[in-house]
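Please put together the full structure from these sequences, using the hints given.
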Amino acid sequence: MNGIWTKRRNVIRRAATVAATAGTLIALPAQAFAMHISEGILPAPWALFWYAVALPFVAWGLRDLRRRSEDLLWFKPLVGLVGAAVFLISCMPIPVPTAGTCSHPAGTGLAAILIGPGLTVVVASIALTLQALFLAHGGLTTLGANIVSMGVVGAYVGYGTYRIIRRLGLPWVMAAFLAGLLSDWATYAMTSVELAAALHGGESFSAMLTLILLAFVPTQVPLGILEGFLCAGALKFVRSRKPELLRMAAAGGAA
Amino acid sequence: MFDLFSDIFTYRDNALTRIDPRAKLLIALAALIAVVTAERIVLPLAVLAFCLGAVAILRIPAKLVACRLAAPLSIVAVLVVIQTFVTGKTPLFAFTFAGWQFTAKAEGLRQGTLLGAHVLGAVSVVFLLSIVTPAHRIFQALRWFRISRNWLEIAILMYRYIFVLMDRVADLAAAQRLRLGYTARGRALRSFTTLAGATIIHSLEQAQRTHDAMRLRGYRGTMPFGPLPPLGRRDRLILVSCLIGIAVAYGLLEWGVSG
Amino acid sequence: MKAIDVTGVHFTYDDGTEALSGVDFHVSEGEFVAILGSNGSGKTTLIGLLVGLLKAKTGQIRIGEREIGSLSAEELYQRVGLVFQNPNDQLFAATVEEDVAFGPRNLNLPEAEVERRVTEALAAVAALPLRCRAIHHLSFGEQKRVSLAGVMAMRPSVLILDEPTAGLDPAGEAQMMQLLKKLNREEGLTVILATHSVDMLPLFANRIYVLDHGRVLQEGPSEEIFCHQEMIVRAKLRLPYVSRLMYEMKRHDGVPIDGLPLTIGEARVQLLELIPKELIIAELEEKKA
Amino acid sequence: MKAIDVTGVHFTYDDGTEALSGVDFHVSEGEFVAILGSNGSGKTTLIGLLVGLLKAKTGQIRIGEREIGSLSAEELYQRVGLVFQNPNDQLFAATVEEDVAFGPRNLNLPEAEVERRVTEALAAVAALPLRCRAIHHLSFGEQKRVSLAGVMAMRPSVLILDEPTAGLDPAGEAQMMQLLKKLNREEGLTVILATHSVDMLPLFANRIYVLDHGRVLQEGPSEEIFCHQEMIVRAKLRLPYVSRLMYEMKRHDGVPIDGLPLTIGEARVQLLELIPKELIIAELEEKKA
Ligand SMILES: Nc1ncnc2c1ncn2[C@@H]1O[C@H](COP(=O)(O)OP(=O)(O)OP(=O)(O)O)[C@@H](O)[C@H]1O
Ligand SMILES: Nc1ncnc2c1ncn2[C@@H]1O[C@H](COP(=O)(O)OP(=O)(O)OP(=O)(O)O)[C@@H](O)[C@H]1O
Ligand SMILES: [Mg+2]
Ligand SMILES: [Mg+2]
Chain G
310 MNGIWTKRRN VIRRAATVAA TAGTLIALPA QAFAMHISEG ILPAPWALFW YAVALPFVAW
370 GLRDLRRRSE DLLWFKPLVG LVGAAVFLIS CMPIPVPTAG TCSHPAGTGL AAILIGPGLT
430 VVVASIALTL QALFLAHGGL TTLGANIVSM GVVGAYVGYG TYRIIRRLGL PWVMAAFLAG
490 LLSDWATYAM TSVELAAALH GGESFSAMLT LILLAFVPTQ VPLGILEGFL CAGALKFVRS
550 RKPELLRMAA AGGAA
Chain R
3 MFDLFSDIFT YRDNALTRID PRAKLLIALA ALIAVVTAER IVLPLAVLAF CLGAVAILRI
63 PAKLVACRLA APLSIVAVLV VIQTFVTGKT PLFAFTFAGW QFTAKAEGLR QGTLLGAHVL
123 GAVSVVFLLS IVTPAHRIFQ ALRWFRISRN WLEIAILMYR YIFVLMDRVA DLAAAQRLRL
183 GYTARGRALR SFTTLAGATI IHSLEQAQRT HDAMRLRGYR GTMPFGPLPP LGRRDRLILV
243 SCLIGIAVAY GLLEWGVSG
Chain C
10 MKAIDVTGVH FTYDDGTEAL SGVDFHVSEG EFVAILGSNG SGKTTLIGLL VGLLKAKTGQ
70 IRIGEREIGS LSAEELYQRV GLVFQNPNDQ LFAATVEEDV AFGPRNLNLP EAEVERRVTE
130 ALAAVAALPL RCRAIHHLSF GEQKRVSLAG VMAMRPSVLI LDEPTAGLDP AGEAQMMQLL
190 KKLNREEGLT VILATHSVDM LPLFANRIYV LDHGRVLQEG PSEEIFCHQE MIVRAKLRLP
250 YVSRLMYEMK RHDGVPIDGL PLTIGEARVQ LLELIPKELI IAELEEKKA
Chain V
10 MKAIDVTGVH FTYDDGTEAL SGVDFHVSEG EFVAILGSNG SGKTTLIGLL VGLLKAKTGQ
70 IRIGEREIGS LSAEELYQRV GLVFQNPNDQ LFAATVEEDV AFGPRNLNLP EAEVERRVTE
130 ALAAVAALPL RCRAIHHLSF GEQKRVSLAG VMAMRPSVLI LDEPTAGLDP AGEAQMMQLL
190 KKLNREEGLT VILATHSVDM LPLFANRIYV LDHGRVLQEG PSEEIFCHQE MIVRAKLRLP
250 YVSRLMYEMK RHDGVPIDGL PLTIGEARVQ LLELIPKELI IAELEEKKA
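Line by line, the protein sequences are chains G, R, C and V.
Taking the numbering used here as reference, the numbering of the first sequence is continuous, increasing by one, and the terminal residue is 564.
Taking the numbering used here as reference, the numbering of the second sequence is continuous, increasing by one, and the terminal residue is 261.
Taking the numbering used here as reference, the numbering of the third sequence is continuous, increasing by one, and the terminal residue is 298.
Taking the numbering used here as reference, the numbering of the fourth sequence is continuous, increasing by one, and the terminal residue is 298.
Be a bit skeptical, because a hint or two may be false.
As the list claims (entries may be wrong) - Below, in silico cross-link-like pairs of lysine-lysine (DSS-like), each with a Cα-Cα straight-line distance of 25 Å or less:
| id | chain 1 | residue 1 | chain 2 | residue 2 |
| --- | --- | --- | --- | --- |
| 1 | C | Lys259 | V | Lys259 |
| 2 | V | Lys11 | V | Lys64 |
| 3 | V | Lys11 | V | Lys190 |
| 4 | V | Lys66 | V | Lys11 |
| 5 | V | Lys64 | R | Lys65 |
| 6 | C | Lys64 | G | Lys551 |
| 7 | C | Lys11 | C | Lys191 |
| 8 | C | Lys286 | C | Lys259 |
| 9 | C | Lys259 | C | Lys191 |
| 10 | R | Lys65 | V | Lys66 |
| 11 | C | Lys259 | V | Lys286 |
| 12 | V | Lys286 | C | Lys286 |
| 13 | C | Lys259 | C | Lys11 |
| 14 | C | Lys286 | V | Lys190 |
Said to hold, decoys possible - Here are some chain V residues pointing at chain C (derived, C-beta under 7 Å):
| id | residue |
| --- | --- |
| 15 | Asn48 |
| 16 | Ser148 |
| 17 | Asp208 |
| 18 | Leu210 |
| 19 | Arg277 |
Hint data in this document are derived by calculation from the structure and do not stem from the laboratory.
Note that CB positions come from ideal geometry on N, CA and C, so glycine has one too.
Written as structure tokens, this is what we have:
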């Protein structure tokens with residue numbers, strides 16, 4: 310009993326250490342760090358590994374694109390434009406109360422509801438490449454890892470949540486809210502996993518993961534909730550103004 | 003808000019912008035691999051110095067450099083701190099703060115510094131690439147590397163319309179701000195979701211119009227690409243010498259000097 | 010030779026808006042025709058029908074001598090080209106060169122021919138120096154010209170423009186209209202433009218269609234159109250400023266003016282006839298002194 | 010009382026474009042001032058500075074008697090209101106009523122007051138009947154008026170409009186300008202508008218600033234501004250059509266014209282003085298006969 314308690318306290322203490330030292334520093338670059346793994350962080354083997362994980366999903370998304378653009382001639386412009394919109398949304402500063410500064414939403418949940426998860430992965434891979442090449446944001450070596458966390462995990466969790474909750478017969482606003490929320494948290498969890506796997510060095514993977522997760526709780530928890538509101542609110546806006554456009558975009562999506 | 007995309011420098015004429023983008027991309031990749039696999043901090047720092055030097059010679063405003071490097075720099079700081087205090091065994095120094103004991107460890111510090119060097123070196127490579135190569139040249143180069151056409155087509159459309167939508171979105175946000183849409187937290191969130199929704203609507207409408215315009219110019223579902231010129235002699239020479247240079251530097255800095 | 014023949018066309022949007030109700034519209038080859046109408050009068054809808062973006066429910070549309078439905082996409086788009094009002098809709102590639110080459114490449118032309126057409130089209134709109142520029146770095150006027158070049162590169166015989174001068178400053182407006190006139194007179198292109206600005210038209214258009222609430226109110230050469238002041242007002246338009254001046258002088262002040270001068274040149278001639286020579290010469294001598 | 014005071018302002022965009030280089034711009038309360046300039050001359054940039062969307066690097070901007078930086082958002086936007094060029098960028102709500110109420114609600118006014126302001130603002134722009142309509146069913150001209158109402162509901166004392174007549178047909182243009190004139194004369198609002206259309210201005214603006222390449226080329230009442238033909242051309246603008254006619258008759262034909270008439274009314278007066286009465290009377294009698 311006592312042993313467990315000390316052990317746990319150790320973990321908590323470590324976490325607090327990190328939170329206290331890093332937390333203040335993180336407040337500034339949180340937006341960049343929490344979502345995008347920066348160029349150069351991952352060792353080569355891990356970079357390759359995440360590329361290998363990401364590629365099949367991108368390929369599958371491209372197959373989806375080919376199939377759907379055969380039926381609908383304007384599908385590619387549509388995906389491109391929705392991609393541009395989501396890219397911009399993910400650049401919009403969103404005020405996160407706990408961080409004291411602005412952070413950025415991911416937008417993958419929203420995109421997945423609009424155009425489906427497969428295409429969201431494609432769009433995310435493009436957005437990440439553009440950011441890596443033209444903004445030095447994210448990176449080429451970490452592109453695979455970023456596609457997995459931001460694209461694959463974010464999109465499939467968001468889309469899955471939306472479908473499941475709709476299937477349960479619950480209102481779509483709730484579905485969209487949870488899709489946004491969970492996709493954001495899942496992205497952040499996955500990013501932490503990737504970082505922990507690469508950085509734990511001699512320490513145990515789970516301890517490192519806990520640390521990284523905890524370090525970003527103060528910004529990511531509220532950000533996820535905001536992202537939930539964003540997803541539901543934006544969808545509500547589109548549904549009330551241009552439902553017909555939503556239907557067209559959603560052939561295969563979920564909305 | 004969106005002044006991130008200042009690609010104006012990529013359209014300047016200088017020695018680096020004139021190099022074929024395929025060569026530049028390959029060189030950058032080689033440099034990245036060298037940096038990421040480096041076991042010592044010398045090579046990444048040398049790359050960093052080289053890139054920053056080039057950036058300075060090209061007279062890129064310090065503001066832009068700072069803006070692009072700010073995020074990676076702070077990440078480096080966080081990483082060094084985490085690694086120093088969390089990993090490793092040999093204690094370096096310790097202090098107590100607010101009742102907690104902090105112990106810095108030698109291995110951790112080394113690890114952290116190396117990681118920091120990796121990040122700085124790698125980011126500077128991409129940064130340099132990004133200010134000497136316009137987007138359309140990169141797209142051309144990617145075609146040469148056999149990237150999926152569909153992926154490229156979407157990428158080209160996305161890239162182009164990010165600029166168009168950006169103007170609209172900036173106006174939308176300004177209009178909200180001018181009517182005090184962001185003066186309280188709850189209101190800010192509402193305005194923000196409205197803004198996101200409006201962006202989506204604009205994008206969907208724009209997609210329709212763009213497709214109409216494409217169709218009227220013969221679009222049948224695939225964007226046509228022009229031919230790619232073969233890699234010129236000069237560019238091949240640059241490519242090969244740079245690759246050799248990187249290899250030699252790697253050999254020297256990683257294995258060459260004793261230790 | 011007829012270039013375009015529209016007879017009895019009705020068009021209703023999905024939401025029930027009847028945008029066109031029985032429009033007849035005929036253009037011969039080599040003409041310069043303006044569709045004049047207020048906001049919402051149906052100009053863009055009519056244009057959409059002409060280029061096959063919209064399908065008419067009733068009525069007939071012929072391009073050249075053929076029914077529009079019987080033309081393949083390739084045939085149609087090599088005959089009629091549409092320049093959109095907003096150049097952003099039309100410029101989707103990253104650079105000017107790539108954008109202008111988009112059409113020719115879709116036609117599967119050999120690369121040398123594509124090259125030639127790009128050069129030619131850019132030269133035609135006086136935009137050759139822009140060739141390697143990124144689209145998003147162009148000014149608005151440049152974007153308008155480049156989007157015109159993109160259409161020109163398809164070598165259509167009929168050029169349709171939706172509000173080609175909207176948003177341009179006076180210098181840009183004059184340049185664009187001169188350019189269209191040149192294309193019409195020298196290259197023999199048939200030009201159709203939709204607009205609601207009246208002042209420049211008389212100088213350029215052979216014929217004007219006045220559209221209102223989806224109907225053609227009147228059709229004819231500019232002199233004829235602008236004679237009908239009430240019709241013009243009913244269509245929510247106005248006379249060109251110069252004509253307005255002459256009209257008021259004729260109507261309200263009783264100055265004997267023949268017809269209705271539409272351009273500055275015409276007005277000058279008429280006014281000079283009315284003003285006694287003594288006055289003018291006295292003034293000129295004064296100036297010389 | 011000064012409403013707006015801009016002194017020596019420079020502004021450079023992040024990409025290095027120097028959009029304004031040393032602009033002085035002063036507007037007194039109750040004035041109607043036009044910023045006239047070609048595409049890219051810096052009008053929108055100047056406006057952005059006036060409403061605090063952009064921050065000037067050097068120079069001073071005062072709204073009322075206070076430095077713009079010292080005003081809170083609430084204070085600033087109850088003093089200056091900006092109507093954007095594209096109403097689409099400004100209308101977010103589902104219905105007209107909701108949209109106009111957006112600003113007042115953000116001021117945390119009681120609902121009754123919000124209600125009153127909405128009614129008032131809609132009445133001011135002659136859009137009361139539109140109150141319950143859905144925004145996306147409005148015509149372009151209606152959207153422009155509603156977006157103006159949205160700003161009016163904030164009760165700013167200075168109203169700034171970026172190209173308020175762009176894209177409007179002649180009837181809509183005249184209506185918008187009349188509306189602004191009414192707001193200026195009757196409600197005492199200070200009105201500042203940016204535009205590159207010259208024909209309507211002389212009728213409305215007290216004063217005109219001509220902008221070119223980020224500099225004020227000239228400033229003064231319309232009569233003064235349009236005297237300087239070369240300056241106008243240099244700024245890529247042109248004279249109003251009527252003035253152009255009079256200018257050419259004066260310069261090239263030697264007709265003795267005083268100053269340069271800018272409006273149809275002024276031109277008529279001058280021309281009638283030159284035309285012999287006999288001619289006019291003869292014509293009138295002929296008509297009666
Ligand atoms: N996609 C659409 N769906 C429903 N109604 C439409 C659509 N597009 C246009 N309309 C309506 O059809 C009518 C004609 O519109 P159109 O765009 O052809 O006018 P226009 O003459 O081009 O006007 P403008 O000068 O403003 O461009 C208008 O009443 C308009 O509201
Ligand atoms: N966001 C921006 N980034 C960089 N340059 C810009 C930006 N906005 C405008 N400019 C440049 O600044 C200059 C002034 O532009 P501005 O929009 O103020 O002109 P304007 O007078 O409003 O023109 P228009 O009549 O076309 O609206 C132009 O050269 C333009 O290209
Ligand atoms: Mg139209
Ligand atoms: Mg402007």
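Status of the hints after comparison with the structure:
{"no.": "1", "hint": "Lys259/C <-> Lys259/V", "result": "21 Å, holds"}
{"no.": "2", "hint": "Lys11/V <-> Lys64/V", "result": "21 Å, holds"}
{"no.": "3", "hint": "Lys11/V <-> Lys190/V", "result": "20 Å, holds"}
{"no.": "4", "hint": "Lys66/V <-> Lys11/V", "result": "23 Å, holds"}
{"no.": "5", "hint": "Lys64/V <-> Lys65/R", "result": "16 Å, holds"}
{"no.": "6", "hint": "Lys64/C <-> Lys551/G", "result": "22 Å, holds"}
{"no.": "7", "hint": "Lys11/C <-> Lys191/C", "result": "21 Å, holds"}
{"no.": "8", "hint": "Lys286/C <-> Lys259/C", "result": "21 Å, holds"}
{"no.": "9", "hint": "Lys259/C <-> Lys191/C", "result": "34 Å, violated"}
{"no.": "10", "hint": "Lys65/R <-> Lys66/V", "result": "14 Å, holds"}
{"no.": "11", "hint": "Lys259/C <-> Lys286/V", "result": "14 Å, holds"}
{"no.": "12", "hint": "Lys286/V <-> Lys286/C", "result": "15 Å, holds"}
{"no.": "13", "hint": "Lys259/C <-> Lys11/C", "result": "38 Å, violated"}
{"no.": "14", "hint": "Lys286/C <-> Lys190/V", "result": "41 Å, violated"}
{"no.": "15", "hint": "Asn48", "result": "5 Å, holds"}
{"no.": "16", "hint": "Ser148", "result": "5 Å, holds"}
{"no.": "17", "hint": "Asp208", "result": "6 Å, holds"}
{"no.": "18", "hint": "Leu210", "result": "12 Å, violated"}
{"no.": "19", "hint": "Arg277", "result": "6 Å, holds"}
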